[in-house]
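Peer 1: For reference, the chains in residue letters:
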Amino acid sequence: MSAAPPIARPMPELEGELAPFIAAAKEHRLMVQRCTGCGALRFPPREICSRCLSSSAEWTNVSGRGEIFSFNVMHQVYHPAFAREVPYAVIVVKLAEGPKITSNLLDCPIDRINIGMPVEVVFEQISDAVTLPKFRVRAQS
Amino acid sequence: MALRGEIAIAGLGQTEQGKVYDRSHMGFAVAAVERALADAGLARTDLDGLLLNPGISWGNAAMGSFMLQQALGLRDLALQATMNLGGATAGAMIQYAALAIAAGMCSTVACVFSDRPLKSPEEQRTRAGKSEGSAASYAFARGLDAAYGQFGVNAMYALVARRHMHVYGTTQDHLGAVAVSERRWANRNPAAQLHAVPLSLADYHASRWVVEPFHVLDCCLVSNGGVAVIVTSAERARALRKPPVYVWGMGQGHPGGDPAETLVSGASLASKAAFAMAGIEARDVQVAELYDCYTFTVLVTLEDYGFCAKGEAGDFVAAGHTAPGGRLPVNTGGGQLSSSYMWGMTPLAEGVLQARGEAGDRQVPRHDVVLVSGNGGLLSTHTTLVLSPLPS
Ligand SMILES: [Zn+2]
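The listed protein sequences correspond, in order, to chains D and E. Residue 140 in the working numbering is what sits at position 140 of the first sequence, and the numbering runs on without skipping anything. Count along the second sequence from 1, add 1000, and you get the number used in the working numbering.
Take the hints with a grain of salt, since some may be wrong.
Selected chain E positions facing chain D (in silico; Cβ < 7 Å) [claimed, not checked]:
| # | residue |
| --- | --- |
| 1 | 1153 |
| 2 | 1206 |
| 3 | 1207 |
| 4 | 1280 |
Straight-line alpha carbon distances no greater than 30 Å define the calculated DSSO-like cross-link-like pairs of lysine-lysine that follow [what the hints assert, rightly or not]:
| # | chain 1 | residue 1 | chain 2 | residue 2 |
| --- | --- | --- | --- | --- |
| 5 | D | 100 | E | 1310 |
| 6 | D | 134 | D | 26 |
| 7 | D | 134 | D | 100 |
| 8 | E | 1119 | E | 1242 |
| 9 | D | 26 | D | 94 |
| 10 | D | 94 | E | 1310 |
Hints listed in this document are in silico derivations from the structure and should not be mistaken for laboratory results. Ideal Cβ positions, reconstructed from N, Cα and C, are used throughout, including at glycine.
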């Protein structure tokens, strides 16, 4: 029996509304959208600002620092590319600048993850084209 | 406005639910309407309104209600719509039907849900084998969340539940207490999918994780089937076959924003309008049928209706108040966790049975004030109905 070819990891689209975010991550910068109408920061990107209804926006660098807002631990395999990774945690980071971003936490056992943990961004290259912002625990000074 | 007691539920039709494969999604819908009409003692020609909440298996059924009208052979409808507020739709269908009847637009409305997400063993062998497992079948897995391994609604609710645990000290035992309470009700409901399966808190903890903090027993079932409810004027309902179930109060609440920040569902808003219209307070509710896509949803909903203080629903359920013999029976048919997943129709159908006194071994002794809730999205949409066998 020949094994079916492995199913590739899901990748974010390189074109479209996430393109500036993906391009910035490749250069190890974390960016979010800023409404040029009212200045509100937002992520994930949207066409229209729900605060002032402006449809004009730009991308801006953020510090990459924040804290864990919530997390889950995925046990069920929803996609075969993750079959060997379960259980793994998905975290939501509330960035110091306000917006929240979904990601993963590196170098931390699942049972040590807590809401409120300070984290900072790191960049993990997952293919030639895609580098993903991920996070690690930030030592508090 | 004096709508209280002027509108009634006159008929309830349910197909067999769960792993039943003998009908299509349309077949379940048609059979549910037939049974609801028979329950009410009405004919198809008595219907002049049709509202449909199409389940997942209807696909992109933008005009599903028209398709159902044609399947049922209905002529000259004065009201029709395909509606989707997720799990809050069943309650909303009753509300819009009530308003249209009160406005004189129509007189007798069938509100319908059906779904057929489960494939039979034979269908799995013959049809599904080809596509499942191929790259194309994972086309849903796009975007940034998928790249991080975040898939599906379970994972999203898990993030909100984890916040509730962090902010209010809700525990895994608290979630488990909801599952156990509902199963004890299901054990008294012969139509429940898990009727014959007892459940202890230890069993709950031993069940497999789906996505922490959710075990598989924190998540609703998946079911094939259909449910239909006939809504008409109280006056007309009194002349029909079954005792009317009067609509005392109704409300909606759709808070917007991020419920993970607030940990508040639409129940707090929807209950204000519904309780004011019904002339009741939370303490007057004698039995509550609450939308339970997850154990966690029941906890938040109990808090937001004011049955206990914010953050204290876990202790409330763990104390046994919602279980058989408790002071606030909740999800007396077993709910979507243990009976059947018919979206908002699961709590609504059980509410009708309890109000009528037709709930058999699980009938609660006091059922003059019955609360029915619906919840859709990620605590995004909410509908409230207050039902009663008494006109006033
Ligand atoms: Zn703006």
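Peer 1: Compare the structure with each hint and give your call.
Peer 2: Hint-by-hint comparison with the structure:
With its C-beta approaching chain D no nearer than about 11 Å, residue 1153 of chain E sits outside the 7 Å limit, and its interface hint is violated. Taken as an interface hint, residue 1206 of chain E does not check out: its beta carbon lies about 14 Å from the nearest beta carbon of chain D, beyond 7 Å. Restraint check, residue 1207 of chain E versus chain D: the minimum CB separation of about 11 Å is more than 7 Å; hint violated. A distance limit of 7 Å between C-beta atoms decides the matter here; for residue 1280 of chain E the minimum to chain D is near 35 Å, and the interface restraint is violated.
For the hint pairing residue 100 of chain D with residue 1310 of chain E, the CA-to-CA distance comes to about 25 Å; that is within 30 Å, so the pair holds. As the CA atoms of residue 134 of chain D and residue 26 of chain D are separated by approximately 12 Å, the hinted pair is consistent with the 30 Å bound. Annotation: proposed proximity of residue 134 of chain D to residue 100 of chain D holds, straight-line Cα distance about 13 Å (limit 30 Å). Our distance criterion of 30 Å between C-alpha atoms is broken by residue 1119 of chain E and residue 1242 of chain E, whose separation comes to about 35 Å.
Annotation: proposed proximity of residue 26 of chain D to residue 94 of chain D holds, straight-line Cα distance about 21 Å (limit 30 Å). Between residue 94 of chain D and residue 1310 of chain E, the direct Cα distance comes to roughly 24 Å. Compliance with the 30 Å bound is thereby established for this hinted pair.
Consistency with the previously given hints fails for numbers 1, 2, 3, 4, 8, ordered from lowest to highest.
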